[in-house]
Structures are given as structure tokens and as C-alpha cells.
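> Protein chains in written order, with the working numbering: chain L, 16 to 580; chain G, 12 to 172.
Don't take each hint at face value.
Mimicking EDC-like on lysine to aspartate or glutamate, the simulated pairs with C-alpha atoms at most 16 angstroms apart in a straight line are [said to hold, decoys possible]:
{"hint": "1", "chain 1": "G", "residue 1": "167", "chain 2": "L", "residue 2": "85"}
{"hint": "2", "chain 1": "L", "residue 1": "565", "chain 2": "L", "residue 2": "415"}
{"hint": "3", "chain 1": "L", "residue 1": "488", "chain 2": "L", "residue 2": "455"}
{"hint": "4", "chain 1": "L", "residue 1": "64", "chain 2": "L", "residue 2": "99"}
{"hint": "5", "chain 1": "L", "residue 1": "516", "chain 2": "G", "residue 2": "166"}
{"hint": "6", "chain 1": "G", "residue 1": "135", "chain 2": "G", "residue 2": "93"}
{"hint": "7", "chain 1": "G", "residue 1": "167", "chain 2": "L", "residue 2": "80"}
{"hint": "8", "chain 1": "G", "residue 1": "72", "chain 2": "L", "residue 2": "82"}
{"hint": "9", "chain 1": "G", "residue 1": "167", "chain 2": "L", "residue 2": "82"}
{"hint": "10", "chain 1": "L", "residue 1": "516", "chain 2": "L", "residue 2": "494"}
{"hint": "11", "chain 1": "G", "residue 1": "73", "chain 2": "L", "residue 2": "505"}
{"hint": "12", "chain 1": "L", "residue 1": "497", "chain 2": "G", "residue 2": "166"}
{"hint": "13", "chain 1": "G", "residue 1": "72", "chain 2": "L", "residue 2": "80"}
{"hint": "14", "chain 1": "G", "residue 1": "61", "chain 2": "G", "residue 2": "44"}
{"hint": "15", "chain 1": "L", "residue 1": "108", "chain 2": "L", "residue 2": "122"}
{"hint": "16", "chain 1": "L", "residue 1": "501", "chain 2": "G", "residue 2": "69"}
Note that these hints are calculated values from the structure, not bench results.
Values in this document were obtained by computation on a predicted structure and should not be read as measured data.
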Amino acid sequence: MAYEDKTFKTKRFQVLAEKPVNRHSYLKDWPEKGLTAFQGVKDPKPSIKIENGVVVEMDGVARADFDMIDQFIADYYIDKSVAEEVMAMDSLKIARMIVDICVPREEIVRLAKGLTPSKFVDVVTRLDETEIMMGIHKMRARKIPAIQCHTTSATDNPVQLAADAAENRLRGFSEAETTVGVAPIAPFNAISILIGGQTPHVGLLTQCAIEEALELELGMRGMTTYAETVSVYGTERVFADGDDTPWSKAFLAAGYASRGIKLRFTSGSGSEVQMGYADGRSMLYLETKCIMITKGAGVQGLQNGSISCCGIAMSVPSGVRSVHAENLITAMCDLENASGCDQIFSPSDLRRAARTFPLVIAGTDFIFSGYGGVPNYDNMFAGANFDAEDFDDYLVIQRDLTVNGGLVPVTEEQTIAVRNRAARAIQAVFKEFGFPEITDEEVEAATYSHGSKDMPPRSIREDINAAQDMMKKGITGLDLIKALIKHGFEDIAANLFQMMKHKVTGDLLQTSAIVTAENQVLSAIGDMLNDYRGPGTGYRLEEDTETWEKIQRIPQEIDPETYES
Amino acid sequence: MDPKAIESLVREVLRNVNQASAAGSGSALTAQDYPLQEKRPALIKSRTGKGLDELTLEGVKKGEITFEDLRIHPDTLEYQAEIAEAAGRPSLAQNFRRAKELTAVPDEEILSIYNSLRPFRSSKQELLGYADRLEKTYNATTCAQLIREAAEVYEKRDMLA
């Protein structure tokens with residue numbers, strides 16, 4: 016808290032002290048501990064030496080002294096064919112190329128393959144906030160931006176989760192992630208949003224954030240369609256404390272791909288300093304290493320933008336700018352970027368908007384990762400920067416700025432219909448497998464609810480036992496499809512089956528994949544690769560007339576001609 | 012031009028054409044072939060050998076589709092690797108080629124090797140044993156290489172059990 020224990024004599028200061036912006040702490044840089052956006056006392060000077068195709072020195076460290084992270088980056092990230100060329104270039108020149116519309120995205124992607132962590136930081140810190148956003152606008156992988164949501168419940172209520180996932184898809188989210196209030200309920204939360212998410216139409220990618228091994232198992236069982244909560248860190252000590260190494264994570268990544276499951280890694284500024292071992296390195300420098308590990312491991316994308324450590328990153332000077340710079344570096348690495356904007360860090364509406372809207376305007380592969388698709392009290396990712404109570408603000412701002420932020424207006428009638436159908440579908444599946452009964456009263460409540468407070472109480476103990484039992488019995492996604500068909504939900508079954516077929520084709524494994532309501536896979540390949548080259552190029556909402564029409568026609572819009580009568 | 016030379020040239024061309032059509036795709040796939048489901052559906056089969064056109068909801072209703080039929084085939088991962096390479100993403104392609112090897116490895120074994128690769132879990136001998144097993148049992152040479160490399164790094168950085 017700002018102004019802790021301080022009292023003011025003037026009314027003006029008293030009023031200001033009470034404002035939401037002062038319910039967050041602001042810290043002076045502490046570079047020795049790594050509590051600094053991009054000026055760590057031990058941030059090394061950029062350097063590279065290559066002998067016989069092997070990196071023998073990187074950022075002032077000789078190969079013999081590499082820790083496991085340095086070695087992984089040197090061997091798996093650095094493209095030896097371009098490293099010497101780009102490392103000899105002036106950082107300011109590279110920074111200018113990023114914002115120069117005459118330099119195509121492909122050229123920046125090529126050069127970025129040879130940058131070391133320190134050189135990356137040296138380049139992007141030459142850019143001011145506007146230039147960072149220009150860079151993201153050009154460097155984003157997928158031509159069309161998208162948006163991800165959190166679909167969670169404070170009581171892990173399966174009916175509410177199914178109904179909310181259905182509404183979230185209707186509103187335009189391309190991905191939904193759930194997590195748990197209590198860990199053993201995870202398989203139920205996963206199948207609730209899996210089924211709910213396919214209710215309005217095909218295409219919602221869903222995942223359940225849980226411990227790595229169980230998350231993989233849920234994917235292999237066909238209970239999720241992507242995975243994201245696979246964390247990487249920027250120092251060796253913190254990586255090991257997180258119980259992994261770049262090699263274990265690279266193996267895990269191959270495991271996911273071997274089952275056709277889309278995967279991105281997760282990282283974010285501040286995790287190392289939060290875990291106490293930043294080694295005097297700045298947050299941006301360490302985050303850059305995470306981005307490079309992700310690329311080196313052959314993973315198509317990364318969720319970053321500080322994520323669960325944004326309270327720390329945003330307490331220091333240039334915190335938000337630095338977090339946006341990490342999104343830019345991710346895009347320069349030609350990775351799909353789910354660009355944070357997720358965890359709440361300040362109750363100040365102005366501040367959370369200032370943190371978010373530059374990215375909405377620039378557009379990223381997933382602007383939020385995620386946007387709270389439920390009210391904040393139901394958000395089990397420790398609250399969201401934007402949530403279900405901000406839907407209308409967000410929709411109006413898209414309309415104001417002519418920006419596709421990923422959401423579309425919906426009517427109450429449509430919403431009631433999909434919420435009810437999703438709730439009935441999960442009710443039927445529970446009945447089929449003998450899970451604890453979902454009553455008609457619960458279906459009705461979920462249809463009209465805002466959050467878990469509007470739901471009748473349910474025994475979580477019984478649900479947990481049934482969820483564990485489901486895993487023991489080896490029930491798969493295909494069994495869910497069969498149950499849906501049997502109980503008259505063939506449309507949802509068909510959509511779910513389409514999602515499973517995408518795993519057979521492997522199309523979702525390519526960079527930045529989403530599935531449209533028409534079952535079209537869009538990723539950063541061919542004509543869906545971002546081709547922004549200045550005015551008149553790239554994705555332009557006004558040229559996407561169907562979406563622009565939808566975004567304009569918010570339900571509260573009035574036709575002024577009606578005033579004439 | 013000598014008629015014999017022309018004949019041998021034509022024969023050479025024909026042989027190449029025949030080989031290409033026998034291979035199904037001929038040269039490596041590119042962005043033009045993506046998404047496979049839309050552009051090259053005939054190339055795709057499930058791990059169990061079912062064609063994409065056999066994977067239907069009707070088939071599910073008749074009980075003709077098993078969960079195994081919904082698994083990706085190693086050849087498909089090779090196609091996706093070629094597409095990733097053509098898109099200038101060699102590390103992504105490398106991941107798909109490791110994945111291609113792991114299609115043959117059961118779920119439990121992947122989970123178990125992953126857990127063993129975590130820091131301070133395994134001795135060097137154990138890690139080398141997993142690598143050998145992957146190589147010998149599943150012909151997973153690139154995955155084995157990754158594990159052998161991890162064993163070296165863990166030894167150097169004191170992360171073995």
C-alpha cells in the first residue's frame with residue numbers, strides 16, 4: 016500500500032490517498048536484488064564468439080562457465096549463421112529497423128535469431144512505449160488478433176463452468192483456461208469447459224492449469240485441447256526450484272506434440288526476483304532468457320507479460336513499458352504471444368486500462384491470457400485485470416477505436432440459450448457416468464447466474480471423489496462424445512469430435528493456431544502470417560466488414576431515425 | 012541432341028515423377044499445403060491407419076472409432092515439421108520430429124521419463140538408461156540424444172540425484 020501509516024493534514028492529500036491507485040505499493044529500483052525493470056547491476060554486456068559452429072562465449076561468459084540456461088540458449092536458440100552479423104550491428108539501428116515500415120517482419124525475425132539476451136535488451140530499451148507498440152503491431156505472428164479467457168469458479172461448480180465456457184465462446188474468446196480451487200477437482204473442471212466451450216459452435220481451445228504431469232495426462236486423455244501452464248525461468252536456481260530444466264521442458268513439449276496437442280510455455284518478468292534468486296539481473300534480461308529457451312525448445316508460443324508476478328513488475332519505474340517490451344521480444348522471436356494483461360495488479364481502473372489498451376490497439380496473438388470470463392470473485396487465477404463486469408466497456412472501446420480486440424456483442428437471448436444448453440449437456444454427461452447428480456434447479460441457476468454466488472450449494476467432496484474415479488476408470492474425450500450423442504446433444508458431440516480431429520491432423524501445432532466458428536484453423540502461416548507494412552497493409556478491421564459490423568452493433572445502440580417519430 | 016540422350020532424359024524424368032507420386036507428396040510440404048485437413052486431407056491417417064474420411068461421428072455411433080483412432084500418426088508430424096521448416100521455424104520442426112518418435116511411446120512412459128528428467132531425480136546412469144531404452148525400443152534417436160545431453164549438463168551443474 017502506498018502511504019502506509021501516513022496521515023495527511025490537507026483534504027486534497029487525504030482524498031488522493033484514498034484513491035484506488037494508492038492501494039498498490041510503489042518501489043524504488045533495487046538493482047542489486049534484480050528489482051529493476053531493465054537495469055540490473057549484473058546485466059552483462061552483449062557479446063558473442065563462435066568457433067567451428069559452436070558458441071564459445073555469450074554476453075561475456077565463456078562456454079566453460081555457462082550455466083544450464085546459457086548452454087541451452089547458445090546451442091538451441093542462437094542461429095550461428097546470423098549471430099555475428101547482427102551482433103556487430105548498432106543496437107540503435109536494429110531498434111529503428113523494428114519500427115521502420117520499410118523493413119519487413121521477416122527481416123527482423125531473421126536478425127533476431129542471432130541476438131543474445133543482453134543484445135535483445137539493449138535493442139528494445141531504445142524504444143519508447145509508442146515504438147514498442149509499433150513493433151508489436153508489425154511483429155505479431157498471426158495476422159488477426161485473438162483473445163483468451165479465464166473460465167473458473169470459486170466453488171469449482173461444473174454446471175456454472177460449462178455455462179460460462181459457452182457464454183465465453185459466444186462472446187468471441189478463442190481460448191479458455193480453467194484452473195482449480197482445490198486440486199483434485201481438476202478433471203471435472205477440464206471436461207466442464209471442454210463441453211460448454213463447444214456448445215455455441217465449434218472451436219474453443221480449452222486447457223486446465225494444474226501441475227505439469229497431470230496437465231499432460233488430461234491432454235492425453237482428450238479432456239483438454241491445448242496446454243499453457245508449462246513454466247520456464249531465467250536463472251538456473253529458480254528453474255530448478257520450479258522443479259524443471261530446459262531439457263525436461265523440451266521433452267515435455269515433444270510429449271504434447273506427439274499427441275497433437277497445442278502447447279505454449281509460460282514465463283514473465285518478476286518471477287525470479289519473487290523467488291529470491293535474480294542474481295542482480297534485471298527483470299527484462301531474465302525474461303528474455305525465458306523467451307529464448309521457449310524458442311530453442313521448439314515450442315510455438317509463450318504466455319508472458321509478467322503474468323502472476325505483475326504486482327512486482329509494475330511497482331518499479333518503467334514497469335509496464337518493460338513488460339510490453341517482453342511481449343515485443345516474444346513477437347520478434349516469431350513466437351505466438353499470449354500477452355498477459357491477466358492478473359489484477361491494481362484496483363485503479365485508469366491504471367489497469369493504461370496497462371492493457373496499448374496492447375489492444377497494437378494487437379497480439381492473444382491480447383489477454385486471459386481476460387476474466389467470470390466475475391472477479393470467481394477468478395481462481397488470483398483475480399483478473401479485466402473481467403466479466405468489464406465486457407460492455409471493452410465492447411464500446413473496440414467500437415470507439417475501430418479495433419478488433421477479439422470480442423463481439425451478444426444478446427441476452429443468445430446467451431441464455433447457450434448457457435442453458437451447456438448446463439443441460441454437462442448434466443447429461445454426469446448422469447451417464449453416474450457422477451453426482453446435477454439437478455434441474457442447478458441448470459436453471461447456471462443459465463441465469465452471474466457467478467458462483469448465484470448457484471445452489473453442491474458437495475465438492477462428492478465431485479472430487481467422482482473426478483478421481485473418472486480418471487481411474489480411464490474415461491476419455493471419446494467417451495464424453497458418446498455420452499453427448501446418447502443424450503441428444505449431437506451438435507456438441509460433433510463439435511467436440513472436430514476438435515479431436517484437429518489433433519489427428521496436427522494443424523493446431525503450428526504457430527499461433529486458433530479455430531474459427533466455421534472450423535477453419537488460422538495460424539501464422541501463409542496468408543494468415545502478419546504482413547503489416549504500414550498504412551493500407553496488415554489486418555484492418557474496416558476491411559473485415561463482417562466483424563466490423565458486429566463490433567459496431569452493440570445492443571444498446573440506438574438508431575437515431577427512431578427519434579423522428 | 013542425341014536421341015539416346017533424349018530417351019534417357021525422358022526415362023529419368025518419368026522415374027522421378029513416379030517416385031514422387033509413390034511418395035504421396037514428392038517434395039517437402041510448404042505453407043501451400045497448410046492446413047493439412049483442408050489442403051491435403053488424403054495425406055492424413057490416424058495412428059491406427061484410418062483415413063480422415065473414416066473419422067466420422069457416424070463411425071463413433073456405430074462403435075467403429077476408438078480413442079486410439081484419434082491419435083496423430085508419425086508421418087503427419089513429419090508433414091507438419093516440413094511445413095514449419097518451410098515457414099522458417101527449424102526449432103519447431105525439430106520439436107515435431109522428437110514428437111514423431113514419441114508417438115510410439117505409451118502415455119505412462121512419457122510421463123515417467125519427463126518426471127525422471129526433472130532436476131535431482133535421476134542418476135546419470137539412470138538417465139542414460141532411459142535414453143538407451145528410447146533408442147532401442149522405440150527408435151527414438153533424437154529424444155535419446157536430448158536425454159544424453161541432459162545427463163551431461165546435469166552432471167556438470169550438479170543436478171543429478
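> Compare the structure with each hint and give your call.
We went through each hint and held it up to the structure:
{"no.": "1", "hint": "G:167 to L:85", "in the structure": "holds (13 angstroms)"}
{"no.": "2", "hint": "L:565 to L:415", "in the structure": "holds (13 angstroms)"}
{"no.": "3", "hint": "L:488 to L:455", "in the structure": "violated (27 angstroms)"}
{"no.": "4", "hint": "L:64 to L:99", "in the structure": "holds (8 angstroms)"}
{"no.": "5", "hint": "L:516 to G:166", "in the structure": "violated (42 angstroms)"}
{"no.": "6", "hint": "G:135 to G:93", "in the structure": "violated (34 angstroms)"}
{"no.": "7", "hint": "G:167 to L:80", "in the structure": "holds (10 angstroms)"}
{"no.": "8", "hint": "G:72 to L:82", "in the structure": "violated (55 angstroms)"}
{"no.": "9", "hint": "G:167 to L:82", "in the structure": "holds (9 angstroms)"}
{"no.": "10", "hint": "L:516 to L:494", "in the structure": "holds (15 angstroms)"}
{"no.": "11", "hint": "G:73 to L:505", "in the structure": "holds (14 angstroms)"}
{"no.": "12", "hint": "L:497 to G:166", "in the structure": "violated (49 angstroms)"}
{"no.": "13", "hint": "G:72 to L:80", "in the structure": "violated (60 angstroms)"}
{"no.": "14", "hint": "G:61 to G:44", "in the structure": "violated (20 angstroms)"}
{"no.": "15", "hint": "L:108 to L:122", "in the structure": "holds (13 angstroms)"}
{"no.": "16", "hint": "L:501 to G:69", "in the structure": "holds (13 angstroms)"}
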